[in-house]
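Going letter by letter, the sequence shown gives residues 1 to 183 in this note's numbering.
By construction, these hints were calculated from the structure, which means they are not laboratory data. Some hints here could point you the wrong way.
Distance condition first, Cα-Cα at most 16 Å in a straight line; then the derived EDC-like pairs of lysine to aspartate or glutamate [as the list claims (entries may be wrong)]:
hint, residue 1, residue 2
1, LYS175, GLU66
2, LYS105, ASP52
3, LYS41, ASP59
4, LYS41, ASP116
5, LYS41, ASP149
6, LYS103, ASP52
7, LYS103, GLU134
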Amino acid sequence: MAKVSPLMVIPPLIFAGFAVMAYFGMQRGDPNSLPSTFLGKEAPALPSATLDGFPSVADADLRTGEVTVVNFWASWCPPCRAEHPVLLHLQEQGVRIVGVNYKDKTGAASGYLTEDGSPFIGVPYDPQGRAAIEWGVTGPPETFILSGDGTVLHKHVGPLAGTLYTEDFLPALEKALGRDLDP
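Model the full structure from these sequences, guided by the hints.
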């Protein structure tokens with residue numbers, strides 16, 4: 001009877017281990033969702049700095065009794081630019097939007113909003129991304145829906161576009177507002 005070397009058995013065992021891990025990984029919930037630890041809790045603080053030339057907004061402005069959308073964006077971010085018309089459309093429909101500018105150069109960010117229009121009631125400036133870390137943002141764009149008392153109701157990762165916008169974000173926003181919006 002031939003003797004089998006242990007070195008010949010190890011690679012198939014490693015492969016089988018990875019296959020089992022992959023199988024169980026695929027059996028979990030929605031693989032695209034990144035749950036926010038802040039859902040149902042008070043929103044973290046906004047950056048105290050403001051983008052030059054744009055309105056400031058304070059944490060108290062998130063607790064005015066009105067639903068507020070907080071959008072983390074940057075002028076260098078192509079998906080942020082892609083969702084910009086949607087933010088302008090929401091603003092036209094009376095949605096309050098705070099735009100936290102993330103790891104951007106002030107001139108580029110100010111120029112972008114001046115040229116393409118600003119949908120924001122205030123533009124806090126987060127040049128090092130510290131506030132984004134506090135909010136659990138992994139990268140722009142990310143958007144949060146806050147209730148009138150500043151409680152995080154919903155987190156949307158990625159641009160406000162396509163079916164994720166119409167089937168996930170928009171229904172959550174309409175529910176929070178208690179009214180329908182034009183898509």
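Hints versus structure:
Distance check on the hinted pair: LYS175 and GLU66 sit about 13 Å apart at the alpha-carbon level, within 16 Å; holds. Pair hint LYS105 plus ASP52 holds up; C-alpha atoms about 11 Å apart against a cutoff of 16 Å. Taking the CA atoms of LYS41 and ASP59, the gap is about 14 Å. The hint holds against a cut of 16 Å. This hinted pair does not check out: LYS41 and ASP116 have alpha carbons roughly 33 Å apart, beyond 16 Å.
Note on LYS41 and ASP149: the hinted pairing holds, with a Cα-Cα distance of about 10 Å set against a maximum of 16 Å. Pair hint LYS103 plus ASP52 holds up; C-alpha atoms about 14 Å apart against a cutoff of 16 Å. Straight-line distance between C-alpha atoms of LYS103 and GLU134 comes to about 14 Å, which keeps the hinted pair within the 16 Å bound.
When the structure is compared with the earlier hints, a violation turns up for hint 4 alone.
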